[in-house]
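There are 2 protein chains.
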Amino acid sequence: MKSFMDEWAEIRNYVNEELERIREDIKWPTDLVESAFHLIKGGGKRIRPFLLMVTSKMFGVPYNVSLPAAVSIELLHNFTLIHDDITDRDRVRRGLPTTHVIYGEPIALVAGDFLFSHLYYYLINTYTSLGKPPSLIIKIVSSLSEATDNICKGQVMDLLPHKYISSEENYMKMVYLKTASLIETAVYIGGLLGGVSPETLSKLRKYGKNIGVAFQIADDILGVFGESSRTGKPVGNDIRMGKKTLLVLYALSKMNEKQKQLFDRVFGNRSANDKDIEIVINLLREIGAKGYADKHMKNMVYEAKKALVGLPENIYRKYLENISDYIITREL
Amino acid sequence: MKSFMDEWAEIRNYVNEELERIREDIKWPTDLVESAFHLIKGGGKRIRPFLLMVTSKMFGVPYNVSLPAAVSIELLHNFTLIHDDITDRDRVRRGLPTTHVIYGEPIALVAGDFLFSHLYYYLINTYTSLGKPPSLIIKIVSSLSEATDNICKGQVMDLLPHKYISSEENYMKMVYLKTASLIETAVYIGGLLGGVSPETLSKLRKYGKNIGVAFQIADDILGVFGESSRTGKPVGNDIRMGKKTLLVLYALSKMNEKQKQLFDRVFGNRSANDKDIEIVINLLREIGAKGYADKHMKNMVYEAKKALVGLPENIYRKYLENISDYIITREL
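These protein sequence lines map, in sequence, to chains Z and X. In case it helps, this note's numbering puts the first sequence at residues 1 to 332. In case it helps, this note's numbering puts the second sequence at residues 1 to 332.
Chain Z extracted, bound-state conformation (with noise of 0.2 Å):
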């Protein structure tokens, strides 16, 4: 029986090769192909094709089949990648500057758009040449139009912050729809490849909201706690940069007026010095800020593998328990 970071790697590889092969049917305009798929070729976990494999197989569908899937969810996801730096102005990711740092804004805006057109054309093509029928493709072009819906709310919120995220409520809505949505979606996908009923439906949506929410809460807390070294990011980045996470919006909500004059001074100036930057990560951990997201991102973790009870109880669940506590450990 493999590992689950075997079963991960071999999911990585079958992904990536067909990756490969949609690339090479592409061919041109080569400026086009090359900066759709630089960021892809760059590498990434390929969690949400992990993800969605892995629930189909858990109900007895043989990788080949979810495979076009998976694959599409990640071109989905590459696109919104794209098109997150430029709004970002982010200049690196993957360790590689980004699309637009290389082929300029116009082709990567054009890039980003090619990705998201291309994969329903793939998906549909390649589903109906396999025979599926077209009540299901319909379903899945859906939920990924759905999820799609839901990230560019979830990214308005996040680009206008003042207006969207007031309050820890907010602060999750925002997750849900920029981060959980897709992740959600990927697991979806895998039950209806699966044919389960509309109750484990509801019970793979639970898990994969709740893993996806965890997953960036575990994002937020890397961002202020986490070792360089391991994030990629200097030490206090996140509060550099302003952003208001969990961690942030809770601190706000205990602080004195005496914290909150010294955070004030330092949250989102992006010329703050490593001893202040110090002393406001050292307010946030005495205020409780890290030990309360700690809690909430393992509580949705249980939440997550409570969903799963009455699942098939084969490795393939296992594969999803091991992912929502490789989250919590951090490792990714």
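These are computed hints drawn from the structure, not numbers from a lab. Please note: incorrect hints may appear among the correct ones.
Short, incomplete list of chain Z residues facing chain X, as computed with Cβ under 7 Å [unchecked claim]:
1) Y120
2) P134
3) S135
No more than 30 Å apart at the CA atoms, straight line, and that leaves these computed lysine-lysine pairs for DSSO-like [said to hold, decoys possible]:
4) Z:K139 / Z:K203
5) Z:K163 / Z:K260
6) X:K139 / Z:K27
7) X:K206 / Z:K27
8) Z:K203 / X:K27
9) Z:K243 / Z:K260
For every residue, glycine included, the Cβ atom is placed at its ideal position computed from N, Cα and C.
Given the coordinates of chain Z, assemble chain X onto it according to the supplied hints.
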């Protein structure tokens, strides 16, 4: 029997009402809804919905059945306009500031993504609740994706003309991909909804492709020879911008050395004076570029009409002929 223009106005009303209904359904986040629908609310001829709905009606499909597909194609068109305006840094469209000018580039980028995403969701769910067969719905979705793939390819050619537009042949390919493909798709979907034979579908494609390219050539001619009161742009705008159109590619292939020197001094020179612009316009006319493009355009309209032979001889087919004439007389 209604006139062509009255029928068009009626369809435009249906389309605008449905677009408004969609906008109201989304509700939130307000910044996303407003930015995504800013351009749509600014007007537009709704030429693609008109083509789709009239084609369908020619085969007996009532407007309420073709409306969702027609509205989807208009959403798609507006998504491409929002993104085009960002990549081309255009500041005015339909007499209004462009989306990114009002909402900023990040929000405008997401607004475009959202329209593109939402149209699939809207289309699938509307046709599913109308009881349309999934096999038809996926054909429509797939054709929209294929058209969008084409638009992205054409857009990359257009963004990198030095690399991709060196000959009339390349240029015509770019125009097909960027402009005509979606018009072809509108007419094609009209046929799909009418349940017509593959032969009829291929006639419709031919019609759509030809009027789509003719439409762009007419635009090119106007961009050089049109009155600024009609184009909404200063005289000689396309010459100052160095736009490589059919006119320019033809003229370049016919110029002598002396003409070429004169041309190169003015073409693409944003500060060229009105006297120079006039000289270049006259040069293009003398070389016969206008006559050449005119002939090309008229020939395509002729081919478009010829493709309609054998289709039902009713008022709706007549409208399809009318709109192709309308393109030549350039009131669009």
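Okay, the hints, checked on the actual structure:
1. Y120: holds, 4 Å
2. P134: At 4 Å from the nearest chain X Cβ, P134 of chain Z passes the 7 Å test, so the hint holds.
3. S135: With a minimum Cβ separation of about 4 Å from chain X (threshold 7 Å), the hint on S135 of chain Z holds.
4. Z:K139 / Z:K203: Satisfied, since the Cα-Cα distance of roughly 18 Å is no more than 30 Å.
5. Z:K163 / Z:K260: Satisfied, since the Cα-Cα distance of roughly 21 Å is no more than 30 Å.
6. X:K139 / Z:K27: The hint holds at about 24 Å.
7. X:K206 / Z:K27: holds, 25 Å
8. Z:K203 / X:K27: OK: K203 of chain Z and K27 of chain X at ~28 Å, within 30 Å.
9. Z:K243 / Z:K260: The hint holds at about 16 Å.
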